[in-house]
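Colleague: The chain contents come next:
Protein chains: 4
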Amino acid sequence: MISEKLKSLFKNNEFQDLGFGSKAGGSGRLLNRDGSFNLKRKGQSFLQSFSPYHWLISISWQHFLLVIVLLYFTMNLLYAFIYYFLGVETHLAGAITNTEQEKFMEAFFFSAQTLTTVGYGRISPIGFFSSFIAAMEALTGVLSFALVTGILYGRFSKPTANILFSDNAIFAPYRNINAFMFRIINGRSNQLIEIEVQVTMSYTTREENNTTQRRYAQLKLERDKVNFFPMTWTIVHPIDSNSPLEGLSIKDLEDADAEFFIIIKAFDDTFCQTVYSRGSYKSNELLSGVKFVPNFANDPDGSTVLFLDKINDHIPAPLN
Amino acid sequence: MISEKLKSLFKNNEFQDLGFGSKAGGSGRLLNRDGSFNLKRKGQSFLQSFSPYHWLISISWQHFLLVIVLLYFTMNLLYAFIYYFLGVETHLAGAITNTEQEKFMEAFFFSAQTLTTVGYGRISPIGFFSSFIAAMEALTGVLSFALVTGILYGRFSKPTANILFSDNAIFAPYRNINAFMFRIINGRSNQLIEIEVQVTMSYTTREENNTTQRRYAQLKLERDKVNFFPMTWTIVHPIDSNSPLEGLSIKDLEDADAEFFIIIKAFDDTFCQTVYSRGSYKSNELLSGVKFVPNFANDPDGSTVLFLDKINDHIPAPLN
Amino acid sequence: MISEKLKSLFKNNEFQDLGFGSKAGGSGRLLNRDGSFNLKRKGQSFLQSFSPYHWLISISWQHFLLVIVLLYFTMNLLYAFIYYFLGVETHLAGAITNTEQEKFMEAFFFSAQTLTTVGYGRISPIGFFSSFIAAMEALTGVLSFALVTGILYGRFSKPTANILFSDNAIFAPYRNINAFMFRIINGRSNQLIEIEVQVTMSYTTREENNTTQRRYAQLKLERDKVNFFPMTWTIVHPIDSNSPLEGLSIKDLEDADAEFFIIIKAFDDTFCQTVYSRGSYKSNELLSGVKFVPNFANDPDGSTVLFLDKINDHIPAPLN
Amino acid sequence: MISEKLKSLFKNNEFQDLGFGSKAGGSGRLLNRDGSFNLKRKGQSFLQSFSPYHWLISISWQHFLLVIVLLYFTMNLLYAFIYYFLGVETHLAGAITNTEQEKFMEAFFFSAQTLTTVGYGRISPIGFFSSFIAAMEALTGVLSFALVTGILYGRFSKPTANILFSDNAIFAPYRNINAFMFRIINGRSNQLIEIEVQVTMSYTTREENNTTQRRYAQLKLERDKVNFFPMTWTIVHPIDSNSPLEGLSIKDLEDADAEFFIIIKAFDDTFCQTVYSRGSYKSNELLSGVKFVPNFANDPDGSTVLFLDKINDHIPAPLN
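From first to last, the protein sequence lines stand for chains A, B, C and D.
Okay, so the first sequence: first residue is 45 according to my numbering, each after it adds one.
Okay, so the second sequence: first residue is 45 according to my numbering, each after it adds one.
Okay, so the third sequence: first residue is 45 according to my numbering, each after it adds one.
Okay, so the fourth sequence: first residue is 45 according to my numbering, each after it adds one.
Hints listed in this document are in silico derivations from the structure and should not be mistaken for laboratory results.
No residue lacks a Cβ here, since even glycine has one placed at the ideal position from N, Cα and C.
Careful, some of the hints might be misleading.
Quick list of simulated restraints, FRET-style, between CB atoms [claimed, not checked]:
hint, chain 1, residue 1, chain 2, residue 2, range
1, C, K84, A, E251, 51 to 57 angstroms
2, A, S104, B, N286, 49 to 55 angstroms
3, A, R267, C, T256, 20 to 26 angstroms
4, C, N76, D, D357, 41 to 47 angstroms
5, B, W105, D, K84, 46 to 52 angstroms
Just need the whole structure built from these sequences, with the hints factored in.
Modeller: This is the structure:
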């Protein structure tokens, strides 16, 4: 019985927790394919959990630009009202003031010209009050755009790994036994150095009291670190007698609600920083009795050609 | 006798110093709950210890903005005096110069328009001297705001961990023995990776010569590292026969002026940097004979729900 | 037979893969002298692999400035067309509008003055439409230059190591045996701290089925880490009985298509960051029966003089 | 004989090289007290070794500001000449052009107003040529100040440790033996975490062929890492029978031209980065038969007071 085997495995293995805890994740997957967690957070007010920097760094570019444009208009509206109530005719030299609408418009665009420090000067502040407000607005503008500058560049230069995973993890023949394998490629043409990989299997067992417990077991890899990563790397867990996968079928893994977590850590040569990538395979993403086909060729000019679109190519291969 | 037990413990343990030294901290706590040290520094002049960057990065946002605004006004005042003494009528074209007050005001606002590079141009420098001063002021402005830009963004993007600690550390039953436990949650919704935790107990012993010595002992944890930290993590020190806490009551710990130091290290996935968090528990923050209640639930949609406000929830549980 | 020896070596050594895979690199070198890989990537659309940040950080300074100037002109052209079609006479106050050509020119330069926020004001927007476009253009300008600011500085401050390698790696007498050696110097006068070096030999073996397999063997170094790196560092692999080079001639290495990969890791004291450097020697860059000549001298004033141009100096030295 | 003892020590110890090499440093010190190396680099052209970023980050603030001001004037001069030769009367609207001198002055200040994007507009470009040059100058200005912004902030925020070392290293009684000791304090009030220290002794031996060889031996420390560093840390090398210092006097160390190198590595909590500090003691900075006096006291309010100016305080203490 699968549950028995996995439970016995757990006996010698009990603290290999990835940090999810032993009762988490009833039926769904814990880690989504994109590396995010299938988790909701409650019981914290918006303000307690809100971190403006994390938010502005993480939202999409469309949302980010929308936020900037909205802030820009809001600030201009605010200052426009101030200039408008001070009196455009007397406080803004050069403004066209035939109608109330025109007055507000001139105040608004004068504000925009001050906030961005473009300051054409057709409209200019005259007298203490508007000059003072304009001086504060110019300061506000410089400081606000300073912050935007930083966030914009922070977003743009945020170190991220773009690791391509093969769609499936496979059970393939390997030497005299079988192995659990998947392939990864660097999706960018920059260099990753000193790449480390960890694969953890998560599964559930049914306890005596009929509750479900989630267990974790780290899979021993043929090789868990390489110095360079210019090519495809096939990550291999040999299913020997010590493997928690020994004797299990894909059906067994489905029954145990198994999930394979992958953590990849590397040094990015362009960002000069450590980057992480996460991924996971659920049991419906497993294939058995196939092997991967090499996805590179030697070019006549002496260099090697890597085919990124062939990362999933596999052919039937009977298991041992 | 508690003192004897802790002293004998120290014999085999003597170099586990956290860096506080053996005579520090008579009666108060060494490490405040917010992670700062209960320490005063003397014998160094202000200039020797003053680091502008550390200061500007560390002060509150209110103070920081106040500093910026004060600097802005001071610089404008300074340049206003220069233009004023050069002579506003002859050196600033376009300025309104009916009264001395108006002259100074125009000089001040011209300065502000130059420093922020808004340069409306209603007032503009004419002749060598004011043009030269204005050229230097514009350079000053660009350089000053460059520095402010950097510090503003440095403050905003400073990698910080926001780890929530349970209010109390508890003595709870654990397998066949008891354990010292506390819980932590990531206060932000971003991801922390490869989290490591160290717990050190500090206590005082009375020496033969009747002096008090402060000792340190690192507590062995059931698990001191997890890969992910999306959920609550209960940090557990099993009180087995090797534990310095074996056989001690909360009263004993109070007598020995015990304090538990926690250092947490993690990789922040948004900042792409290593972050640290510190915390501590004094003996009056300990509870005995209780256990924590799980603070998450499985959602019908397959995801897991985490309740951050239930981090402290506990129920009575008789010790073994 | 060389192939036999190297094949037997591989038996005990089989997972020392640098990340190139065992079938890569038919005839050419895998790693170019400048540290780049001799590799082509195919099967990925341009957009999939394109990372603007990596591209803008990696292109040459000439190309980078060209990209900036082209973008600047394109954006100005775009906005100039908008102002031109709105009508320069009615929407841009102060513009000279005798001919169509002049109108477009004034629109173009007004755009440039807005985008850079210089805003002289001889030409200024009048009415809602041009004022609105100008307000958006000023915002665009500030945001674009914010991004350019970041990239410009990112390029300028990108941590890079400038390690000079000796042109040749040599086989030299060493104690009672021989050794494989090469020399490195820090090409900059800044300090590198905690320098680590790894040397891996790659070679091909002919298999039973007449295919060629590429193998890897890490070379054990006399010393693989130093704390400081102010001087020349001679990296030494002693060719003892455990060395994969034992008994091999340069001719043997040529036949096995050998390549020596070097990875250097250090902490840069100026950048305060970890930097990496790569290098490689092919068999035609090896010399046998020579030794390096010291390239420093003691100055009469007590300091040491390092001659960077003498890094390659060597004299004949019969092998043991 | 000292030389014999140190030579025999070297036999079992021969690869403990810090990276200076065995023949370096005849008579002077290798590492200056400020952590710089006593070394001259020759044989490299200026351009080969020149790294603008390293230079601009490393020069003093006075030199840096001088460089900026000089560049600013040079660029304005250059552009002023262009406008001047185009013809100020016809190409710069609003300029005062009574004398040639005035023309050049107006061209110069118009350039300054363009480069800083202040753009008052009293003087403004008119016609294609000056408008085009001004558009390019504004772009140049924005890009140049972008670079200056980055460097300015890079200088300001450069992570540096400010570790205070005691003036002398001492030989003091320690338990039943003696020890080599010195003290360090964090010169800033920010926090350093996970501080590691390495102490290496360097000395010369006279070889059979009457040449001098420089040797290195790492000193084993009582404790080489602490978690926090709020107080004074006394670094202690116990002189037991395994110590290279066993049985040696200060006179012996002088004869052997001994130097003690200290490398300190820590994580700075404000910069969120790893910082390094270097130091060294020559034999004339050693004291024997003294011990350090504690330089802190317990405050009545429960906190601890640290006296930074008492780091050197010591009293006589006969050696064991």
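Colleague: Taking the hints in turn, state whether each one holds.
Modeller: Now the hints, each set against the structure:
no., hint, verdict
1, K84(C) <-> E251(A): 51 to 57 angstroms, "holds (54 angstroms)"
2, S104(A) <-> N286(B): 49 to 55 angstroms, "holds (52 angstroms)"
3, R267(A) <-> T256(C): 20 to 26 angstroms, "holds (21 angstroms)"
4, N76(C) <-> D357(D): 41 to 47 angstroms, "violated (59 angstroms)"
5, W105(B) <-> K84(D): 46 to 52 angstroms, "holds (49 angstroms)"
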